[in-house]
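Novice: Chain by chain, the residues run as shown.
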Amino acid sequence: MAFSIYDFTSFTQSVDKALYSSLPPFWALIIEMTIIGLAFLLFYALVGLILVYAERKVCAFMQNRLGPNRVGPYGIFQTIADFIKLLMKELIYIKNADKFLFNLAPFIVIIASFMAIAAIPFAKGLHAIDFNIGIFYVIAVSSLGVVGVLLAGWSSNNKYSLIGAMRSGAQIVSYELSVGLSLLTIIVLAGSMQLSVIVEAQRYGWFIFTGHIPAIIAFIIYMIAATAETNRGPFDLAEAESELTAGFHTEYSGIKFAFFFLAEYMNMFIVASIAATVFLGGWMPLHLGPLFGSMGAHFNNVMDYIPPFVWYIGKTAFLIFVMMWFKWTFPRLRIDQLLTLEWKYLLPINLVNILIMAFIVLMGWHF
Amino acid sequence: MNSIVKYLTDVFRGVKTLITGMKVTGFYFVHPREIVTQQYPENRKELVMFDRFKGEVIMPHDEENHHSCTGCGICQINCPNGSIEVKSLQVETEDGKKKRIIDKHIYHLSMCTFCGLCVKTCPSNALAFGNEFEHAVYTRSKLTKVLNRPGSTIKKGVQ
Amino acid sequence: MTNEQLKEKILTIEPSVVITENKQVLYVNIAKEKLFFLAKKLKETEELFFDYLVNITGVDRQKSMEVVYHLDSSKYRHLIVLKTDTADRENPAIDSVCSIWRTAEFHEREVFDFFGIRFNNHPDMRRLFLDDDWQGYPLRKDYVDDKIVQR
Amino acid sequence: MADYTNVLEHDRLKEKLEEQEYIINMGPQHPSTHGVLRLVLSLKGEIVKSIQPHCGYIHRGIEKMCEKLTYQQIIHLTDRLDYLSAHMNNEAVCLCVEKALDVEVPERVKYIRTILDELNRLASHELWWCSFGMDLGALTVFFYGLRDREKILDIFEESTGGRLLQSYNCPGGLMNDVHPDFQKKVKEFISYFRKKLPEYDELLSGNVILMERTKGIGLLSLEDAISFGVTGPSGRASGFACDVRKHYPYSAYNKVDFREVIYTEGDTFHRYKARIDEMWESMKIIEQLIDNIPDGDYSAKMKPVIRLPEGEYYQRVESSRGEFGVYIISDGNKTPYRIKFRSPNFSNLSALNIIAKDFKIADLIAIGGSLDLVIPDIDR
Numbered sequence: 001m002a003f004s005i006y007d008f009t010s011f012t013q014s015v016d017k018a019l020y021s022s023l024p025p026f027w028a029l030i031i032e033m034t035i036i037g038l039a040f041l042l043f044y045a046l047v048g049l050i051l052v053y054a055e056r057k058v059c060a061f062m063q064n065r066l067g068p069n070r071v072g073p074y075g076i077f078q079t080i081a082d083f084i085k086l087l088m089k090e091l092i093y094i095k096n097a098d099k100f101l102f103n104l105a106p107f108i109v110i111i112a113s114f115m116a117i118a119a120i121p122f123a124k125g126l127h128a129i130d131f132n133i134g135i136f137y138v139i140a141v142s143s144l145g146v147v148g149v150l151l152a153g154w155s156s157n158n159k160y161s162l163i164g165a166m167r168s169g170a171q172i173v174s175y176e177l178s179v180g181l182s183l184l185t186i187i188v189l190a191g192s193m194q195l196s197v198i199v200e201a202q203r204y205g206w207f208i209f210t211g212h213i214p215a216i217i218a219f220i221i222y223m224i225a226a227t228a229e230t231n232r233g234p235f236d237l238a239e240a241e242s243e244l245t246a247g248f249h250t251e252y253s254g255i256k257f258a259f260f261f262l263a264e265y266m267n268m269f270i271v272a273s274i275a276a277t278v279f280l281g282g283w284m285p286l287h288l289g290p291l292f293g294s295m296g297a298h299f300n301n302v303m304d305y306i307p308p309f310v311w312y313i314g315k316t317a318f319l320i321f322v323m324m325w326f327k328w329t330f331p332r333l334r335i336d337q338l339l340t341l342e343w344k345y346l347l348p349i350n351l352v353n354i355l356i357m358a359f360i361v362l363m364g365w366h367f
Numbered sequence: 001m002n003s004i005v006k007y008l009t010d011v012f013r014g015v016k017t018l019i020t021g022m023k024v025t026g027f028y029f030v031h032p033r034e035i036v037t038q039q040y041p042e043n044r045k046e047l048v049m050f051d052r053f054k055g056e057v058i059m060p061h062d063e064e065n066h067h068s069c070t071g072c073g074i075c076q077i078n079c080p081n082g083s084i085e086v087k088s089l090q091v092e093t094e095d096g097k098k099k100r101i102i103d104k105h106i107y108h109l110s111m112c113t114f115c116g117l118c119v120k121t122c123p124s125n126a127l128a129f130g131n132e133f134e135h136a137v138y139t140r141s142k143l144t145k146v147l148n149r150p151g152s153t154i155k156k157g158v159q
Numbered sequence: 001m002t003n004e005q006l007k008e009k010i011l012t013i014e015p016s017v018v019i020t021e022n023k024q025v026l027y028v029n030i031a032k033e034k035l036f037f038l039a040k041k042l043k044e045t046e047e048l049f050f051d052y053l054v055n056i057t058g059v060d061r062q063k064s065m066e067v068v069y070h071l072d073s074s075k076y077r078h079l080i081v082l083k084t085d086t087a088d089r090e091n092p093a094i095d096s097v098c099s100i101w102r103t104a105e106f107h108e109r110e111v112f113d114f115f116g117i118r119f120n121n122h123p124d125m126r127r128l129f130l131d132d133d134w135q136g137y138p139l140r141k142d143y144v145d146d147k148i149v150q151r
Numbered sequence: 001m002a003d004y005t006n007v008l009e010h011d012r013l014k015e016k017l018e019e020q021e022y023i024i025n026m027g028p029q030h031p032s033t034h035g036v037l038r039l040v041l042s043l044k045g046e047i048v049k050s051i052q053p054h055c056g057y058i059h060r061g062i063e064k065m066c067e068k069l070t071y072q073q074i075i076h077l078t079d080r081l082d083y084l085s086a087h088m089n090n091e092a093v094c095l096c097v098e099k100a101l102d103v104e105v106p107e108r109v110k111y112i113r114t115i116l117d118e119l120n121r122l123a124s125h126e127l128w129w130c131s132f133g134m135d136l137g138a139l140t141v142f143f144y145g146l147r148d149r150e151k152i153l154d155i156f157e158e159s160t161g162g163r164l165l166q167s168y169n170c171p172g173g174l175m176n177d178v179h180p181d182f183q184k185k186v187k188e189f190i191s192y193f194r195k196k197l198p199e200y201d202e203l204l205s206g207n208v209i210l211m212e213r214t215k216g217i218g219l220l221s222l223e224d225a226i227s228f229g230v231t232g233p234s235g236r237a238s239g240f241a242c243d244v245r246k247h248y249p250y251s252a253y254n255k256v257d258f259r260e261v262i263y264t265e266g267d268t269f270h271r272y273k274a275r276i277d278e279m280w281e282s283m284k285i286i287e288q289l290i291d292n293i294p295d296g297d298y299s300a301k302m303k304p305v306i307r308l309p310e311g312e313y314y315q316r317v318e319s320s321r322g323e324f325g326v327y328i329i330s331d332g333n334k335t336p337y338r339i340k341f342r343s344p345n346f347s348n349l350s351a352l353n354i355i356a357k358d359f360k361i362a363d364l365i366a367i368g369g370s371l372d373l374v375i376p377d378i379d380r
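Residue numbers (this note's numbering), protein chains in the order written: chain V, 1 to 367; chain Y, 1 to 159; chain R, 1 to 151; chain A, 1 to 380.
No lab work stands behind these hints, which were simulated from the structure alone.
All values reported here derive from a predicted model rather than from experimental measurement.
You may find that some hints are simply not true.
To be verified - In the DSSO-like style, the derived pairs of lysine-lysine whose C-alpha atoms are separated by at most 27 Å in a straight line are:
# : chain 1 : residue 1 : chain 2 : residue 2
1 : Y       : 45        : A       : 151
2 : A       : 49        : V       : 159
3 : A       : 49        : Y       : 16
4 : Y       : 120       : A       : 301
5 : A       : 195       : A       : 301
6 : R       : 83        : A       : 64
Just chain V, same shape as in the assembly:
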C-alpha cells in the first residue's frame, strides 16, 4: 500500500525502543511523557491561534467584511497580538468570590480539552496513546470541561454567571447523550471502540458512505450535538452575550479569560477531529471499495499519495468551517428549545437510528 510511506508506526516505535534501551523504564516513561506533553502543548497553542484567526476571517467574509488585516500580512499575527494583550492584562479578583474555585475553573476547562487530544490519531501510528476504549475515553474526558464551567459560574459570585453556568450544565448533560449515542451507532458498525481500529476499518470507504442512511443521520446528529457541547454557534446559551453579558466567564479577565477562550476553540477542534475520525475516516484517504474493481484500485493509489496528516487536517478543517458557518448564520436557541431539540428530536431519532444500524449490521447489509 502506497500510504505505508507515511506510516509513523516504525518511527515512533524506534524512538520508544531507543529510549527504553538506554534508560531505566521509569525515566524513559517520564521523558516520553514530557516530549509528548511539549509536542501537544505546542500543537495546542498553534491550533488555538490558527482557529481564532480562521474564525475571525470566516465570519468577516460571511459578513461582508475584511476581518483582521492590520497586524502582519492579511492580519495573520492578529491573534498573537491579542494573546500578548491578554497576557498583559490585569487579573481582576472579585470580592466575595470563592478564590480557590475561581482560579481553578479555567484550568479544569483547559485540562479537559488538553487530555482529549491524547487519544486522537493524527496519522497512522501518530497518536499519544491507543486505548482500546478510545472513543469512550474521549467522550468522558471532554465532558469534564463542564465542571470547570459550572465552577466558574458558581465561584464568580455573579448572578449572570450563575445562570450561564446552570444553563451550560443542563445543556451538556443532555447533549452528552446524543453525542454518545451517535458515536455508538458507528461503534456498532465498526465493532470496536479503539480509534485506530475504527480508522483502519474505513479503508474501503468511510463510514459515512458505507453505513447507509443511519450513518449520515448519526453524523448530522453528532454535528449538532457536538456544536452544542462546545457551547458554540446557535447553542451558546451559557455565554449568550445579549442575555447574560458573557455568562460564566463574565468576571474573568486576562490569561484566565484566555484559557476559556482557547478551550472553546480546542473543544471545537476536538469534536471536529472525532467526527472526522469516526465518520470520515480520520487520516484514511478517500478510498473506493472493492466494488469498483481495478479502476477503484487506481483511484485509491492516487489518493494514497496525499499524506494522511493532510487528509486528517482537511477533514477536521472542513467540519470546523461548517460549525463556524452554523454559528455565524443562526440565531441563538432558548434554553427550553435547546432541551426540546435534544429530548424530543435528537434522542428519539438517535435511538431509532441505532436500532436500524444494529439491524443492518446483523443482516450484513453494509458495504
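Using the hints provided, position chains Y, R and A relative to the given structure of chain V.
Specialist: Chains Y, R and A alone, transformed into the frame defined by chain V:
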C-alpha cells in the same frame, strides 16, 4: 400516524429554513467582491466627503486673506449652545466714521451640534461648513478655534 | 363625531366643564374633583370612546399647576384635550387615571418627577427619571439650581 | 420624601427575597437594553416574574432646555430624542410651528420631507433589524443591516450634511434644497434594497429558530396595546390601527397610496413582521413620490424671529417607533412657555412589564428587541 408525519415534516421544514439561511451567508463567503469595508487611513486620498458634509464651521478666506465677516454677532445669537463667541472692535475708518470690525471669531468645536443655524442665518455668507472630520486631539482646548485668520481683513463691499 | 357634537355630549355628561376651541381641537377644562369621573365617562361612553391616552403634560402656570391630557379614540379618531388645574401650588394633588388608561402610570410618574404633582391612588408614586433624593421639581418655573448654565 | 421611597424600595426588595425570587439588574450597561436602560428583573429560575424599569440615565432635560431656546434652535435638540428618527422629530416641531403660524409650506417641501421621512424610517428599521438579530444571537444579521443602512446615510449626508442627526427641517421648510443627485441616488437605493430585503427574510424571518423564539411569545392584546398607548409597528402588530400617516395625514402622505400594516396576533414575531412589511411600504411610498417632486422653493418666507401666537398647539407625526407628538404652549414670546414631547418609546416601555411577564429571560430580550426601544427618547 398523522403525528409522525407532522413530526417528520416539521423536522424537514426546519432543516430547510436553516439551509436557506446558510445559503445567504455561504453566498457572501464565496463572493469577496461584496465586501464593503473601507480601509480608512489608507483610503484618505480617495476619501472624498460630500460637499455639504458638516464637519466643522469654517470662515472661507480668499487669496488676499479677506473674509466677509462683519462681526455682527447674529451667528452668536442663533447658536443654541454657545459655541460661537464674536469679539469685535470699534475702529475709525479713513473718513472718520466709527465702524465695527471682527477681532476674533471664536468657535468651540467641542460644543457644536452642527445644527447649521449660524451658516444659514449669516447675512454676509461669511461662514460655511468644512469637510474636515478628523478632529481628534489630546487637549480639549485645541478644539477652540479662531476662525478669522490673523491679519485678515474684511472683503471690500461687504457691509 | 364633529367638535360640535362632542361638545354637546361632554356637556351633557358633566355640565360644569368649560370648553374652548382652538383650530380643530377642543379644550375641556374640568375641576380636579371631577376629573376622574369625567375621564372614566369619556372612555366608557360608547359614542365618545376615548380609549387612547396619548399624552399627559404637566404645566406650571405660575399661580397653579395644570395637567393636560390628550385623548384620542381608536374607533372614531377624534382628539380632545382635557385640562385640569390644581390650585395648590405647594402641594398639588389630583386623582390618578391609571385605572382607566394604564399608560398613565408612567406618564403620571413623569409629571410627578418634574412638577411635584401627586396623583392619588397611583400604585407606585415615585420619581421616574431623577434620583430619589433629588431636591425640588426641575420643570417648575421657579426651580433654581446653581448648576444650570444661563444662556 | 427621599426616606419614604427608600423604605418602600427596601420593603419591596425584602418581600421579593422572602419569596425566593432571584433579583437581577439588567442594565444600565447591558448589551441588549440598547442604551442605558436599567431593568430590575425578579426571576424564578429563568422565568421573569416582574420588570421594574428605571429610567433617567440619559435624562438631559431637553424640555427644560427648550424653554430657553427659539423655535429654530429647538429643532437640533429634537434630533437627539429618538436619534433614529431624527428627521421625523424635526418635522413634528416644524409642522407644529407652521400650524400655529398658519404658514403654508411649498409642495416641494412636503414631498421632500415625506421622502426623507420614509428613508429615515427605512434606515431606522434596518438598524432595528440588525439589533434584533443581534439580540437573538444572529450576529451576521447586524452587518447586513448596517451595510444597507449605510447607503441611506450617504443619501442623507449628500443632501443634508448630517448622517444620523440631520437637522434638515426648519420652520417653513428645509435648510437648503436637496442635492441635484438626490433623485438618482434614491432610485438607485430603492432598486438595490428591493433585491436585498428578500435576503433578510431568507436569513432571519424564515428561520425555524427565529420562529420558535418569537411566535406566541410576548403577547400584547389589542386592549392592552391601546390602554398602554403602544403605537407604531409594535402597536399595529396587536391590531391597533394607529398609523398617524394614515389617519391624520401630514406633509404629502395624503397623496400616496400605502397599506397600514396591521396584524392581530400581537406577538413578537408579528411585531417583527410588521416592521419588515413597513419597509416594503416605505419603499412603495418613496417610489410614488420620487419622480413627482414639484419644482419650487425649498422654504416658505419666514420672519427671522418666530413668535407663536399665544395658545396651545399639538402636532403628531409617525416616527419609526410610533406616534411622536409635540405639544407647545406659547405665551407669545419667541421661546415656548412649555414644550412637551410625546415620545413613543416612553409609552411602549410602560407596557414592557405586562408583555414580558411570565416569559423567560431570553424572551425578554427578544421582546425588548421587538419593541425597538430607543432610550434617549424615553429619558429626554
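Novice: If you test the structure against every hint from before, which numbers come out violated?
Specialist: 3, 5
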